[in-house]
Amino acid sequence: MGDSGNEYRLLMPLIPALLIVPVLAIAGVESVDAAFLIVLAPFIAFPVILISGQLYNGKPTWKETLKEGGVIGLSSLLVSLSTAVWILVDYLRGAREISEDAGGRVAASWIDWISFDVLHSDYTMSSERIIGVGVWVDSVTLMLLFVATFLCFLICWFSLGYMNTDPINEDRNHRFYAEFVLFAMGMFGMVLADNFLWLFIFWEIMGLCSYLLIGFYFWKESAAYAAKKAFLTTRVGDVFLMVGLLILYDIYGSLEFSVIFADPSINGTVDSDKLFWALLMLFIGAVGKSAQFPLHVWLPDAMEGPTPVSALIHAATMVNAGLYLVARMVPFVDVGHHGVPGLDELGLIVAYIGGITAFMAASIAFVQNDIKKVLAYSTMSQLAYIFTGLGVSLWFYNNGKTDAATLVFGGSMFHLFNHAMAKGMLFMASGSVIHEVHHAHDHLHEGGDHDHHDFDPQDMRNMGGLASKMPITSAAMMIGSMSIIGIPLIGGFWSKEAIVAKTWKASLDYEPLMFGPAILVLLTAGMTGFYMSRMWFMTFAGEPKHEVVEHVHESTPWIKEPLVILSIISALGGFGLSVFGIVKWLAKPYSYDLGINKDSFLDQVVYELEHAFLPDDPNLRIVGWTTIFLSLVIGPIFAARVHGGSLREGQTSGPLVSWLVWLSGKFGSQDVTEMSQSSLSEALQNRLYFDHYYELALSKTVLPFATLAAWFDRTVIDGIIKKVESNSVLGSVQIRRVTTGRASDYILMVAVGALSIFALAWGVSG
Amino acid sequence: MTSELDGIDLQLLLPELVMTLGLAAIIIIPNLGDAKFRIPLTSLRVPVLIGGTRFPATRDPRLPNWMTLATLSAALAASTMALLDPPSSGQVGNALEVDQFSSLLTNLFICVLILCTVSATQRLPSDPDAPAPSEGDDEESESSKTAALYDNRRQADFHILLLTLGLGMSLMAKSTHLFMLFVCLELASLSSYVLVGFHKESKEGGEAGTKYFIVGSVASAIGIYGMSLLYLWSGDLSVSGLSQSWQSMESLDPIAAAGVGMMLVAFGFKVGAAPFHLAIPDAYSGTSSMVAGVLATASKAMGFVALFRLLLTIAMPASGPAFWYGTLAVISVITMTWGNLAALSSDNPKRVFAYSSVAHAGYMLAAVSAIGSGIAEPAAQELIVMAVIFHLCVLVLFKMGPFMVLSSIEREGSSHRVSGLNGLASRDPLVAASMFVFMLSLAGVPPFSGFLSKLLMINGIVTVSAGTGGASTILSWATSVNPVFWLAVAVVLNSALSMFYYLRMGMVMFFEPNEDGESSPCNPVVRALIVSMAILSLAFGIGPPSEWLLGLAEDAAAALLS
Amino acid sequence: MILSILSLLPIAVGLLLMALPHILPEGLSSQVSAITRNICMGVALALLAISTWAAATSLSDIDWMNIDFGGYELENTPFEIIPQIGVSWHVGADALSLPMIWLTALVVPLSMLVEWDAKKGHYFHPLLLVMEGAMIGVFVALDLFVFYVFWEMTLIPMFFLILVWGGEDRRYAAMKFFIYTFTASVVMLIGILVMYFNTGSSISDRSFDMIAMLDSGGQMSEGLRHLVWFLLLIGFATKMPSVPVHTWLPDAHVQAPTAGSMILAGVMLKMGAYGFLRVAVTAFPASTVVFTPLLVFLGMASLAYGAWVCMGQSNLKRMVAYSSVSHMGLIFLGIATMQPLGIAGALFMMFAHGIISPLLFAVAGAFKHHYHTLEIGSMRGIAHHSPWLAGHMMLGWMASLGLPMMAGFVAEVAVLIAFWMTFGWLVLLPALTLVITAVYYLTSMQRTIFESNDPHQGNLPDTLHHEPRDITWHENAGMTILGALTILFGILPFFFWDMMSYWSTEVMVQLLADAMQSEGVRP
Amino acid sequence: MIDPSWIAALGVILFGIGLLGTFFHKNGIVVLMCIELMLNAANLNFVAAATHYGDVSGWVFTAIAIAIAAAEVAIGLAILLSLYSTQGTISLDAARELSN
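Chains as they are written, first to last, in the working numbering: chain L, 630 to 1395; chain F, 3 to 564; chain H, 12 to 534; chain X, 25 to 124.
Hints are computed from structural coordinates only; laboratory data are not their basis.
Treat each hint with caution, since some may be false.
Said to hold, decoys possible - Covered stretches of chain H (chain L as the covering partner; in silico rule of three or more C-beta atoms under 8 Å from a C-beta of chain L):
{"hint": "1", "region": "45 to 52"}
{"hint": "2", "region": "157 to 166"}
{"hint": "3", "region": "341 to 351"}
{"hint": "4", "region": "407 to 420"}
{"hint": "5", "region": "463 to 477"}
As the list claims (entries may be wrong) - Derived lysine to any residue pairs resembling SDA-like cross-links, with alpha carbons at most 25 Å apart:
{"hint": "6", "chain 1": "F", "residue 1": "202", "chain 2": "X", "residue 2": "50"}
{"hint": "7", "chain 1": "L", "residue 1": "692", "chain 2": "H", "residue 2": "465"}
{"hint": "8", "chain 1": "L", "residue 1": "1351", "chain 2": "F", "residue 2": "202"}
{"hint": "9", "chain 1": "L", "residue 1": "1351", "chain 2": "F", "residue 2": "513"}
{"hint": "10", "chain 1": "H", "residue 1": "379", "chain 2": "L", "residue 2": "850"}
{"hint": "11", "chain 1": "L", "residue 1": "692", "chain 2": "H", "residue 2": "396"}
{"hint": "12", "chain 1": "H", "residue 1": "130", "chain 2": "F", "residue 2": "428"}
{"hint": "13", "chain 1": "F", "residue 1": "202", "chain 2": "X", "residue 2": "101"}
{"hint": "14", "chain 1": "L", "residue 1": "1329", "chain 2": "H", "residue 2": "440"}
{"hint": "15", "chain 1": "L", "residue 1": "1329", "chain 2": "H", "residue 2": "386"}
{"hint": "16", "chain 1": "L", "residue 1": "903", "chain 2": "H", "residue 2": "131"}
{"hint": "17", "chain 1": "F", "residue 1": "202", "chain 2": "X", "residue 2": "102"}
{"hint": "18", "chain 1": "L", "residue 1": "1329", "chain 2": "H", "residue 2": "443"}
{"hint": "19", "chain 1": "L", "residue 1": "849", "chain 2": "H", "residue 2": "472"}
{"hint": "20", "chain 1": "H", "residue 1": "131", "chain 2": "F", "residue 2": "432"}
{"hint": "21", "chain 1": "L", "residue 1": "849", "chain 2": "H", "residue 2": "465"}
{"hint": "22", "chain 1": "L", "residue 1": "688", "chain 2": "L", "residue 2": "642"}
{"hint": "23", "chain 1": "L", "residue 1": "903", "chain 2": "H", "residue 2": "255"}
{"hint": "24", "chain 1": "L", "residue 1": "688", "chain 2": "H", "residue 2": "466"}
{"hint": "25", "chain 1": "L", "residue 1": "1351", "chain 2": "H", "residue 2": "255"}
{"hint": "26", "chain 1": "H", "residue 1": "131", "chain 2": "F", "residue 2": "202"}
{"hint": "27", "chain 1": "X", "residue 1": "50", "chain 2": "F", "residue 2": "432"}
{"hint": "28", "chain 1": "L", "residue 1": "1174", "chain 2": "L", "residue 2": "1085"}
To be verified - Chain X side only, calculated, beta carbon under 7 Å to chain F, not exhaustive:
{"hint": "29", "residue": "48"}
{"hint": "30", "residue": "49"}
{"hint": "31", "residue": "51"}
{"hint": "32", "residue": "57"}
{"hint": "33", "residue": "59"}
{"hint": "34", "residue": "69"}
{"hint": "35", "residue": "79"}
{"hint": "36", "residue": "83"}
{"hint": "37", "residue": "87"}
Built from N, CA and C at the ideal position, the CB exists for glycine as well.
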């Protein structure tokens, strides 16, 4: 990619895509009415890319100019992005169409999908019911929509550099881009859907794409296996989700948000037990999709997919679907606004699942050496944070503590935003590392590739000291890690603080049972500090651990640009958006009376800082500072003791990065060999044996049972038929024996027959 | 009631008359030669035509065949005329009556014989002047010469027997007097015994003839004895007289019942009811296929005519169940099951068809026994008789058809194994397709006529019985329904069972061919006939032709029951 | 008139074309296959056009939404063919049969396309045409005798398709297929005859006309009604097929040629469900209500048990065949819900499965055709060699496991919603079966098109001695059309959904609701 | 004049002997003779009935039945002869070429 400058001419097709929104706006189309474009553009791009790729593979235009479909995908995603931004801007402006009448929502219906009647228990028929398709826009939607469209676009951009330069992907990239845009369509659709059914439909489409993309390297046994595992595990959740939908439908006679959310208690007549089960089923679906305990096993394996896929689907967007679904449960429990009381166990369950997953994932991340796996567990852990936050929020809502609930809800959503940005970027950065290490390795072993297959470019034990080779990547990764760890003032800090604090508040002030999640998230904060630092140190600090490192250098601009953009957002976005009141804005659909902004900008800044570092409640102050201490000091220092180290003499990197690397060498080094051989470590390395036991359960129950069923079908059910047949033949042979061939026997039979006629006649008539 | 035959009677009996004349002609003409009789004391030689060296025309082995064909065609025309334009009074003496029923049956018999005759053309040798075997021939050439000779010299005998068979059957259909009926039956039977044993040079021929003859004779002896008991009982053997005596009978007279029962044995043998059917497979497999076809269709129809006369006209009480209905029901179930089961594992196609014809007899007997149940209204009775007559008619198509196919293959000497049919589909797709149609029709698969006829019979049974049960659960309904209903179930299950061997027969044609040639085994006329029979099997199954034939059968049924 | 043409024309043309080789002059006999298949395709496409037009007239002159239950469109004047027993040629269509007619007219040309270069094509394609006519005949017949005739007639071409163009064990399979379904339908025939008996008090009053037949239930005692319903169930359930009378299906499918399998799964199985709704449910609503638990049991057994058996299969086609059994279970479940939504879902399931399963069998057939084996696991990484095939497999498999935005999902979700309304938590069983379904589908894909451990080529079966190619253009075209329709009807189901929904409502309002009320079954 | 019922009784006995004879004897000729016995039993019945009812047709039946019996014997002997010429036996049990 030497003359990569010229590559930008490839972006020409983006210009018409960019023009679509202005043209529509000038033509007077309302932004919400154009929302279908967000879904439609990638949906059209999908077959176009797939089929043209299949037809034109190998042709120079297709390969060089269209980047095997990447440019087409990028254009369609740009259409989605620009439309999404258009709607967002309209929404923020408070345009006429998006009024705030319904608490800041807007719904537009597109088509009636299916319609039918229902027979009631008094044998009367209800009038026609309709399940339609439409859009539902509120601030949560918009935030997720922006995250999704923005990251899809950036990661597609990144992929142009990442995928198209790998010779193994040649003539296969069209598949990648096609599935990529199909995924984008699923994600956009899910976010925009105005009812639970279509949410579910797009949800499943995402699952399909996740399956396809994990299995992109389909010839690899591990990839094919991981793809299947991901699909099946989420499918288990999805089935429960579907059952939840059935129950919801039964309760409300509709699945549309506008119908259900208008009065989720139907004047207090809703049976809270039934609703609890419905929501619990939905939550199981969310657990599957967001890889929470106990359906988390698929996510680490999903890293078999290409890195952009991990970045987009398994870190930034799809896994957020579960969170989104749980966020949509708020109106059900919001007792202040027609919610159904008595559902606070649901909040507890959500919070516990979140807490357990956060802790578990963080601890497993301690011992992972694969850079993507660390990030995967980190994703799990951070999502679990958000779940905890949402659980607490649900609990608050259900107990009428609307203010606190609103704050933690907004905080959770905000964490979702921060995490998506940071994690997307981290994955891309790790992708950059892997890509370059891989290329360097190829370069090094150009002639013979004897140990080609033994070398794992994702293994951090082959890295070290990369900070000097990859300054931009290392800086980006640093910022991303800081955001995840929650280093004060940077990205994730703002949202994580809110979650931890409110969880403790719930635990201390109201519900002792909340202590569990509370302590777990607190501990996890420190652990996050450790494993993220460990990853960074292992990769970028210290002496190179493999000869390959010497040959690594950053090359492709397609990769660098998204990193830079996201670094900026991660670093500044948290604080900046906090200041503009994003937390309350995000909670807008579910908070009906909170003011949005303080009087002046400066007041707002002060308020936010005060709120973060010096809250009124002394307990929260302690909790807040403990969190900061654990994540900022304890975790990173331990990490530095184990894995830190200065760069080789004479090599430098960016300013902050160099200092950090130098700092890491100052804490001395600690040998953890003994620790890493303990049984706990062993267990952690084996992912606490979850996969093992799931596998065992499958192979000991499902498969034998299936074999048994097949045997039963063959031998018993079909066997009966065959038995009838063979017995008929047997009977046939027997009965033919009577035809002896002796004429006198025949005569005898005639006589016998004559006699039996008499006997029968006598018997019947007598 | 006149005791003399007049012109009208002759016209009524025109088919039989034609056959008689033809019979005489076939006896005489092939023997015509250049023999001359020297008038004694002179040297004048007067040609007497009988004997001597035969003329080329008269010694042509194809001649009897042509003559038979001509005779039968003329008879068919006469009989069709009678059928389409029924005489106002068909009484001939007090023993015969020509009505719709007997005309239809006569037509049926003659059609079967025509088919048989046409099929027999395939047995004619290509060389009419084949030499007779002489001393010193080796075994092989001797047997080939014998075979040629066999075909050459005995055509006339064969066709004479066919015509006597036809004569017996058609007269029997017209008989309204039990003794007349029996005599005609004997005429037909005796001819058929000889036909079965016609291939006297082969081991099978003699044996088949012997068995068929012995068992048949015993059965008819029992029948005649039964008839004599009936005579003993009423002193009159005319059907109407017996019927009146029966209706006026206070309670069942054991002698009368015994008489009917014993006649049932004789007729049961004719139709092939178990357990009197045992000789039938042997007979079919030992004789030539076309004769077997005649036995399976015409002869069976004859048996049913006799059964109708005996059971429906004579032995029907004025009300209530007939004494024979339970017996017949049991026999019918045994017959169909036995037939189907035995056919299942047979490997000889002729035996398979023999058993299949036994099974079909069972279906028809089941229908007949439903009439005797005493719960059938007159309309329902007529419906069932119509169904059975219709079945007998269409049976000619799809039972005679396969025998004609087999007859074609028989020339190649491979008709005794199912595998003889292998590859027929590639040799002659049309004949194979027709054969398949016959199989499906036999099995009762729509849209072929076998389905319609079987459906009509089952429908008859259901019609008689379905209204009888009444209860609120399946079980109580099943116990309260008239047992006749279960006959329908038996027929249906047996149809399913029969599918096995029909399909097997149908399937082997699509297997890889044996070594036998590539060309069609049939000659063009036979082939055309087979194909048109298949088409008719379809046409009589659904659509206007079936309506027409059903109309005829309906009239016939009405005539029989009136 | 239109419907008569739809059913009789293909039969007539097919039969004539089969005689063509015997009629054509010598010079043309080498091209007989080409001539025949072009004519066949032309006729089939014409039928598709006609039936599409008939369906599309719902937009203009015929309002399919407003046919009262028991009313039919495109009806002809009944024409007596066997007056002695009251049989007449009477055809018509309603919202129940119209989608099926269209489906038949669609699947047949596609199956012809997929096997465009079949051996002995001059018999093959006409047979498919005959098959089409017979199947359409089943759907249009408004005379139960004619219905039954067509019903059985479909067996004959299929028998030959299996027997002549089938796999190694085709003889056994053809026999089993024929005898099994024949047996079941003759049992059904008794039921039909009992109904016929009750259509009038004297023989001349009786008639096989559908309307008279469907009213006959009123004349029967309750026990007899149940019995007849049960007899009909045997016939229809075997055709569907439902556990435990399903074992003919895997054998028939595995041995049948691709086109045969496509038609068998796509349309023939639907005849069972169609007949059940058309005859058994309509004539005996009370029995249907009373035996709802039986239907639930049969449906559940087919669905769950079928799925388990699928998982134990190692033959691709066998697995797909069992998956049909499994999916057909949903139809019984849908009917058993006694909700318009459930019945409409069952109807849509018939339609959706009618599009999806031909795709599955086309894919399986392509494996057999190009790789000469159907053993799962005997080949790996086929996506390297046959990307189109792999793509179609992916699409078909995903559609069949109920992925949203594909036709099957609409039906599934409708049935499940209705099922919950009626049976509550029992819904977990069908719902969890969806996971099982996913397991076997994904596993079979993993072991055929994926996993070769070589980035450039797959592990081919040992028996394959040449370099495999991707599927031919005609296979590809057929599969693509099916796949596109699957997605089309998944996203926009309302073309047929609306009329199905309306029909279901009407049948509920006019029959089942009353029956439930009188039997004391609460919805 | 003998009471016709005695004649009929004789007929029953004859018939019984004939019937038993047909399946106890293996020799074709003997079986043929037994069949003749049965036919004659029928004839006796006809005669008895004719006597009883004074119906002349009974005598006619008898005469014709005798003719039938004669024809039957003729054919039977011919068939047995052909059996003998091909299989060398007239034992009904020995001829079993045609059993399954």
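We went through each hint and held it up to the structure:
no. : hint              : result
1   : 45 to 52          : violated (count 0)
2   : 157 to 166        : violated (count 0)
3   : 341 to 351        : holds (count 3)
4   : 407 to 420        : holds (count 5)
5   : 463 to 477        : holds (count 5)
6   : F/202 <-> X/50    : holds (21 Å)
7   : L/692 <-> H/465   : holds (23 Å)
8   : L/1351 <-> F/202  : violated (44 Å)
9   : L/1351 <-> F/513  : holds (23 Å)
10  : H/379 <-> L/850   : holds (24 Å)
11  : L/692 <-> H/396   : holds (20 Å)
12  : H/130 <-> F/428   : holds (14 Å)
13  : F/202 <-> X/101   : holds (13 Å)
14  : L/1329 <-> H/440  : holds (20 Å)
15  : L/1329 <-> H/386  : holds (23 Å)
16  : L/903 <-> H/131   : violated (62 Å)
17  : F/202 <-> X/102   : holds (10 Å)
18  : L/1329 <-> H/443  : holds (18 Å)
19  : L/849 <-> H/472   : holds (18 Å)
20  : H/131 <-> F/432   : holds (15 Å)
21  : L/849 <-> H/465   : holds (7 Å)
22  : L/688 <-> L/642   : holds (18 Å)
23  : L/903 <-> H/255   : violated (35 Å)
24  : L/688 <-> H/466   : holds (21 Å)
25  : L/1351 <-> H/255  : holds (14 Å)
26  : H/131 <-> F/202   : violated (46 Å)
27  : X/50 <-> F/432    : violated (48 Å)
28  : L/1174 <-> L/1085 : holds (13 Å)
29  : 48                : violated (13 Å)
30  : 49                : violated (11 Å)
31  : 51                : violated (11 Å)
32  : 57                : violated (11 Å)
33  : 59                : holds (5 Å)
34  : 69                : holds (3 Å)
35  : 79                : holds (6 Å)
36  : 83                : violated (12 Å)
37  : 87                : violated (11 Å)
When the structure is compared with the earlier hints, violations turn up for hints 1, 2, 8, 16, 23, 26, 27, 29, 30, 31, 32, 36, 37 and for no others.
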